[in-house]
Amino acid sequence: MAHQETHADHGHDDHAHHGPEKGIMRWIKTTNHKDLGTLYLFFAFTMFFIGGLMSLVIRAELFVPGLQFVDPEFFNQMTTLHALVMIFGGVMPAFVGLANWMVPMMIGCSDLALPRVNNWGFWILPFAFGLLLSTLFMDGGAPAGGWTMYPPLVLQTGNAFPFLIFAVHLMGISSITGAINVVVTILNMRAPGMTLLKMPLFVWTWLITAYLLIAVMPVLAGAVTMLLTDKYFGTSFFTASGGGDPVMFQHIFWFFGHPEVYIMILPAFGIVSTIIPTFARKALFGYDSMVYATASIAFLSFIVWAHHMFTVGMPLAGELFFMFATMLIAVPTGVKVFNWVATMWRGSITFETPMLFALGFVFLFTIGGFSGLMLAVTPVDFQYHDTYFVVAHFHYVLVPGAVFSIIAAVYYWIPKWTGRMYNEFWGKVHFWLSAIFINITFFPQHFAGLAGMQRRVPDYAVQFTDWNVMSSVGAFGFFIAQFIFIFNMLASCFGWFGRRQDLPDRVWEGAHGLEWTVPSPAPYHTFEDPPRIGEGELTAVHDEVDALDHHRLA
Amino acid sequence: MAKHGWRGGWFGTRPAKLAAGAALALAALSAHAYTQSSGGYNTPVGVTEISREVYGLHMLIYWVCVVIGVLVFGTMIYSIIFHRRSKNPKPADFHESTTVEIIWTAIPFVILIAMAVPAAATLIRMEDTRNADMSVKITGYQWKWEYEYLGEDLRFFSTLTPELNKARQLRSGVDVTQVPNYLVDVDNPLVLPVGKKVRFLVTSNDVIHSWWVPEIAVKKDAIPGYVNEVWTRIDEPGTYRGVCAELCGRDHGYMPIVLKAVPEAEFEAWLAQQKGQEVASAAPVTATDVPVAAAAPAEPAPEQQMAAAEPAESESAGLSKDELMAKGESVYKANCMACHQANGAGLPPSFPSLVGSAVVKGPADAQIAQVLKGKNLMPPFAQLSDPDIAAVITYTRNAWGNDAGVVQPAQVAAQR
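Order-wise, the sequence lines are chains W and C. Basically my numbering = 1-based index in the first sequence + 1. Basically my numbering = 1-based index in the second sequence + 75.
Because the hints were derived from the structure by calculation, they are not lab data. Computed from a predicted model, the values in this text were never measured in an experiment. Misleading hints may appear alongside valid ones.
[As the list claims (entries may be wrong)] Chain W side only, calculated, beta carbon under 10 Å to chain C, not exhaustive:
{"id": "1", "residue": "E74"}
{"id": "2", "residue": "L329"}
{"id": "3", "residue": "V378"}
{"id": "4", "residue": "T388"}
Quick reminder that beta carbons are idealized off the backbone N, C-alpha and C, glycines included.
Bound-form chain W, shown alone (with noise of 0.2 Å):
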């Protein structure tokens, strides 16, 4: 219990040598969690930028059919880079990043547990992007051949090939040791009173994210070190040709990749299930089954991964068994989204952007549940794989899902992070653009797919223009909308158009939590001492335990 110790000479004499440092040092070396937060969003909001950049190069080329600006070669580098930056560049990074500020306040503890560890796994990513990026600029150009690397296509990469590897393996690095400290901070680090069935439930999402991601992004790394293998030593894990199997990649990626999915859904439940419960003034309906659905759909995570490849030529009965098991994550998903009903149902709701982006999760995340239903029953996934169904579906879960979330996220605890207010006119202006273009985006694609376009193509047959054309003007407004957003945040970080530092410590009055019994802004260190918990402070409502826990603290 060193951090007890260290407690009883703080108050007096760590001011001096505790805050920030001044200048760019104090962002190198920094181990404080709301600093490593800090960068974790301003990388990952970076790294959303280019993301989006390289997207609409996609876009700008499908708006009508023809090959007009680039060739199929820089198309196929662009759809591929386009996935590695926003998933593991921007999902990932920004859920660790709200991780960062947000669990050590939400559990009372001063710190996350490893400080160094986690200015470490930061101070990673620049590096495993500058690699993943710097391939746009060799010979031969940036990889190619999908963000999936399905061999034997990815082993033509060129000499990006190595650099595309080993970014993956420092990636990989970095999301361990994020989930390593998190589990060790959640499990060891709570504030007295803090039992594990009373955590919020971000904090809850949050852990059980992390043992996903321990579980499966060193099956990632081994993955592509076979790749590495194969392409420089000699070796023939997936190649036919010396005796390997390439469906054997396919296997071994999904079994990370499924559970993956899941990495970048959770912690957005935890989001929604503490933004929701605020601003409709009412406790979380079916706490415990929330959490139980959540640990329901991490297990069923590693057991569907095969639906990824339903096309490969499976046996009849793994097609059949993977099929049953996908259906029933139907089932804990379906329970979430009637809970969250449920705890709006009589609430007193009032609609600030937070909640606004919250709803809009509900409500277009679901619709990617549905895709992803009819995905899972196997006949009909012959007809839907590998098509422009596909790229709606899973950008209906991961924008208006995932990345609806982290906006939501960030409107909801920027006061608290810097104590200034966002323009809530700008915020719901920036909401209702975002909803109206996301879904000009993405839901004609529907259409496309389902009538018969490809995924991964430069160009199309001349029946799909119509779906093409609005998607790529709905990608471009969303892309613009996006600026509204960050000016929004950048002025409350900054004090941009003279917005004060007036803010209670609990900004929005139905919030619960420890987060919101500290000053806005947070100083710098919070519950250097473990905090008493009040009542009220809990997301967790129990009738009967709840006044013995009460009794026992008192």
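Once you have looked at the hints, place chain C on chain W.
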């Protein structure tokens, strides 16, 4: 079929619902069919019993989703309207109910079982490839398909047509909306009889492809080292189009499939005509020909015009080394570079280096034979024209410091 025919785009077929000037202008663009029975926005009903079953399952699960969606979203919208603070200032304080949780766990479970049963039944029928009347082996190449009618001594390549290949180049200057069957037409279609159970054996020679014809609801990955089985029995004569569905490199979007289903008698006649006789490529230009030179983006593909003019040229005395080298480089970039790399160094051990290689330094005839017939991982390139093969061989024999002389089209022709 005609009732659902794709005539003028979504907007065009529903002008009353979505009448907008801009939209009608767009509708004029969409004039040609790829998936005819899709209506342009839905899974095709198709022309086989299986495809109709698949369509039925698709609509069933779709309506299940719609009903659940209406209930869930309806409840949410009701709550958003009537449980807002201005209408309901004091929130209720219920927050758990085991009964309700059990109910909404059980109901979806029951729905899923009801859904899984017919889906499993269809899947079992789809996987039953026994008792086929005939078999066709389908091999994927970067970026073309090869069809082999097993037991019939008939095999041929199927590639994007030369007209489409010209139109699809970067800034080709061709208005692709006026090109019939843009990106979904080939030189040699796969011809099959209607009413027969046809088994496809799907494999690949290089990377993973996926053979997909939406109208018969068949999509199967073509994987090197694997032979996947899938079957169909087509009910109606007609032309059905498809595409490669698995990313397979640069020209993944340009290896379409055309399947012509004909009455059995017509099929037998076609087969007799084709049998034993080599199906020549429709034209010397391959699906993988080079993009228009970046230096002259506005001009209509000069290289292709050159290529089209060449069969006559090849009859004459021969080509100069410079001509062969220039042409050879572009053929190399389109057909060979993915494996042997721009610098000729290849990607050993799978793709050997051509720099100083024994094959390239050795007798020209052996190299010509290897290009025509293929070797190990290397596919045959017999579908290239004689001048193209002569040029690319000359290029490899003289680039990157190699110096092994010139090969003329006549030498290639001699070995066909």
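Here's how the hints hold up against the structure:
no.: 1; hint: E74; verdict: 5 Å, holds
no.: 2; hint: L329; verdict: 7 Å, holds
no.: 3; hint: V378; verdict: 5 Å, holds
no.: 4; hint: T388; verdict: 7 Å, holds
The structure agrees with every numbered hint stated previously.
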